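Quick mapping for you: the protein sequence lines, in order, are chains A and B.
The numbering of the first sequence is the numbering used here, which starts it at 1 and goes up by one.
The numbering of the second sequence is the numbering used here, which starts it at 1 and goes up by one.
Derived from the structure by calculation, the hints contain no laboratory data.
What you are looking at is a predicted structure, and each value in this text was computed from that prediction instead of being measured.
Quick reminder that beta carbons are idealized off the backbone N, C-alpha and C, glycines included.
Please note: incorrect hints may appear among the correct ones.
What the hints assert, rightly or not - Label-pair ranges, simulated between beta-carbon atoms:
hint, chain 1, residue 1, chain 2, residue 2, range
1, B, S103, A, G22, 41 to 47 Å
2, B, W222, A, G22, 50 to 56 Å
3, A, K2, B, A130, 28 to 34 Å
4, A, H122, B, S36, 39 to 45 Å
5, A, E9, B, R116, 23 to 29 Å
Unchecked claim - Computed list of chain B residues with no C-beta within reach of chain A, every gap over 12 Å:
hint, residue
6, P8
7, Q15
8, N65
9, K104
10, N158
11, I172
12, E211
13, R232
14, A254
Number of protein chains: 2
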Amino acid sequence: MKIAYFGPEGTFTEQAARCFAGSMDGEDISFSPLASIEDVFEAVETGAADCGVVPIENSIEGGVNTTIDTLIFDADLFISKQLSLPVVQNMMVSKKNADGRVSKILSHPQALAQCRKFINKHYPDAVTEASNSTAEAARITAGCGLERGGTAAIGSKNSAEIYDLKIIHENIQDDKNNMTQFVLLTKTDTSAPMIGRKTSIAFSTEHRPGELYKILDIFALWDLNMTKIMSRPTKGRQWEYVFFIEIEGYENAADVADALTMIKRKTVFFKNLGSYQTLAPPQ
Amino acid sequence: MKIAYFGPEGTFTEQAARCFAGSMDGEDISFSPLASIEDVFEAVETGAADCGVVPIENSIEGGVNTTIDTLIFDADLFISKQLSLPVVQNMMVSKKNADGRVSKILSHPQALAQCRKFINKHYPDAVTEASNSTAEAARITAGCGLERGGTAAIGSKNSAEIYDLKIIHENIQDDKNNMTQFVLLTKTDTSAPMIGRKTSIAFSTEHRPGELYKILDIFALWDLNMTKIMSRPTKGRQWEYVFFIEIEGYENAADVADALTMIKRKTVFFKNLGSYQTLAPPQ
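Put together the whole structure using the sequences plus the hints.
In structure tokens form, the structure reads like this:
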């Protein structure tokens, strides 16, 4: 069993991949960190990996557009499991930087944004610099002594371990309720068990007043609870939208199946993205 | 009249700012390029500028989250005009690079993504490198001769003029229908003329099944056409959403006013973001 994930090692996506692996009947599980979200989709589609792990939504930043658009427009994959992890950021320096001086702070722009208030309060004079990932920031920081006044990286505890860094501040993200949701992608839609499932679909309607309302009317008729709704551009038609919606329920349960049949008939584009269970977050 | 915009000079936002200026009764109009979208909001709120110009949505990439979130959660500003501009990317080199050799391509990550297919086809061996803006890429390229095999920037014609670069490929974005929508922000909501107006609102509902449906029901009752719908995380409450919706009509027209009153009563959070006209794109 080979699990591809959006890498490099030491990111939250790797942590999610390991949680998904823990829920599998594990024989030989191997992990393959890939350079982009698109690469993960491709690995699963071509069979180079059995399944793939990518982030889909952050509770502060919102949907991860590359994941959502690739699911809707490009790939033929299904969501087969879902998991939310708390985003906990830490500040770390090279062990050569014994007194923890920091004049430059490196991280992925999203991680820097998540720690903006902390940085402004504790390091108002430090320069912040964007890296391609939190793990890359950790790797670069590992090679930095004090030559330029001290470099720090912001990232997960995991990346501090991998690159042998010293954590000088823990849990520094401004919002302590920050969570990222990840999905496990597979080539086939998973079947039983039916309980506790959610189902994701994508659709677009005719461009007429009230069309989205008619679709939500169908959910209301069948008393289905919507747990996610995101709109994305159709790309081909300007300022028109495809909706990505998640409902509670299993696609083969009678009510959900009836509602989906009706929605399929009332939309110009419809895609079933799978039914899945949500894993409990690790303790 | 001072117009702040998300700079630097030479970006599409500057072009939008100049279009908005062209629609004003122009006396003394001056432009102030600022380093971030948040800085533009702040300049208008503090009165350092009379109005501000920021991007709000791209027809391929979707909503500009910083603009939408600041409008919803942080600022007390109104949209007073709207404009869509075609995104036309060009490849440009220093005039010292007489034979137009290119081994490295610099631009903002979004612009690089918009020209991915062109780059893969025509410059499969070139290294791509991220810059903070398309204008910064042009500035760096202006200083590059052939020492490292040739550097090119991707950006607007405007930035080629500002940095005195030679355009070697025009109109290279993969999607020829790519448009970005900009808004002009002011401290007070604009009044007459009433015709041809759209109105933006933001709201969130109780977290119960069918609540969004009830709101869309109000639009349906008053026959109001929804031209934009985007969902954003509430931040405080995980996996709940604030909706940013644009409808056709003027907030003080009887039907729209009645609908908005009813929506205000049925939501836990409601914000009127202004009524505005859409400028015709420049010829």
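Right, here's what the structure says about each hint:
1. S103/B / G22/A: 41 to 47 Å: With a Cβ separation near 45 Å, S103/B and G22/A satisfy 41 to 47 Å, so the hint holds.
2. W222/B / G22/A: 50 to 56 Å: Distance hint for W222/B, G22/A holds at roughly 52 Å.
3. K2/A / A130/B: 28 to 34 Å: 30 Å, holds
4. H122/A / S36/B: 39 to 45 Å: 21 Å Cβ-Cβ, so the 39 to 45 Å window is violated.
5. E9/A / R116/B: 23 to 29 Å: Given a distance of about 26 Å, which is inside 23 to 29 Å, the answer is holds.
6. P8: 17 Å, holds
7. Q15: At about 18 Å from chain A, Q15/B clears the 12 Å cut-off, so the statement holds.
8. N65: 6 Å, violated
9. K104: 16 Å, holds
10. N158: 23 Å, holds
11. I172: Per Cβ check, I172/B is outside 12 Å of chain A; nearest 18 Å; holds.
12. E211: Label violated. Min Cβ-Cβ 9 Å, cutoff 12 Å.
13. R232: About 6 Å separates R232/B from the closest Cβ of chain A, which leaves it inside 12 Å; violated.
14. A254: The claim holds: A254/B sits with its nearest Cβ about 18 Å from chain A, beyond 12 Å.
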